[in-house]
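Participant: Starting from the given sequences, assemble the full structure and let the hints guide the process.
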Amino acid sequence: MNRKQIPSLLVFLSFVTHCFSQSFEGKIVYRLSIESSDPKKISQEQIEMMFKDADTLCVLYIKGDHYKFVTLDLATSNVKAVNQYDPVSNKIYDYRPSDQQHLVRETENSTIKYKTRKVKIDNISILGQKCHSVTIDYGSHSTKIYVSDKFKVNRETIRNNAPSFLQYIRECESIPLKIIMTGGGAVHNLVLEAIDILEEPIDSNVFDLPETSR
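Its first residue numbered -3, the sequence shown is counted upward by one per residue in the working numbering.
Be aware that one or more of the hints could be misleading.
What the hints assert, rightly or not - Computed Cβ-Cβ distance ranges for the label pairs, DEER-style:
id: 1; residue 1: G180; residue 2: D204; range: 26 to 34 Å
id: 2; residue 1: E31; residue 2: Y134; range: 14 to 22 Å
id: 3; residue 1: T72; residue 2: F47; range: 17 to 25 Å
id: 4; residue 1: A71; residue 2: Y134; range: 18 to 26 Å
Keep in mind the hints are simulated off the structure, nothing from the lab.
Cβ atoms here follow ideal geometry from the backbone N, Cα and C, with glycine treated the same way.
Facilitator: The structure is reproduced here in structure tokens:
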């Protein structure tokens, strides 16, 4: 190869690598915890008494416009609950593996109005990465998401009206490293903090729905 061609090749390879790094397929392991939404009104100790055994692990699987959020039993690692989005039907499915009945919800993200606020915060570190926050304000409730530039995602790979976790990724243009869901009059916040990110191919069978949900 001509030496003059090497710089051009390196630029091309760098461009290709950058493009592939802008999409994400894999799973994110989160630690789920509950915290007081207003420690002045209700202490963390009271929250922990109210939500015994709430702390556990969750796994978020992402492949294209599919997502599957699995809550595990911390002691046994068995699946406790599943929240799943199917882009073909444009519906969200909530179910437990042992249940015969499943909750099916039409997505409404295309009609729900929200505002996104970005605040630079450099003193929060998750998975060794400095993070900034993005808050999605729905009016009655909000979701604060901490992200790092290391895990950037091209928002154009996600449909405009994608719900829940896909919406978080699209709005933040990055993998959520910490998610704090608050509001709606709740005395507690739901907190998810990433403890591992595995970028790897996900078998499409992972997103198969139970027969009773079809």
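Participant: For each hint, tell me whether it holds in the structure or not.
Facilitator: So, going through the hints one by one against the coordinates:
1. Range check, G180 to D204: about 32 Å between beta-carbon atoms, so the 26 to 34 Å window is met.
2. Between E31 and Y134 the Cβ separation comes to about 19 Å, which falls inside the hinted range of 14 to 22 Å.
3. Taking 17 to 25 Å as the suggested C-beta distance range, the pair T72 and F47 conforms, at roughly 19 Å.
4. Between A71 and Y134 the C-beta distance comes to about 34 Å, which lies outside the given range of 18 to 26 Å.
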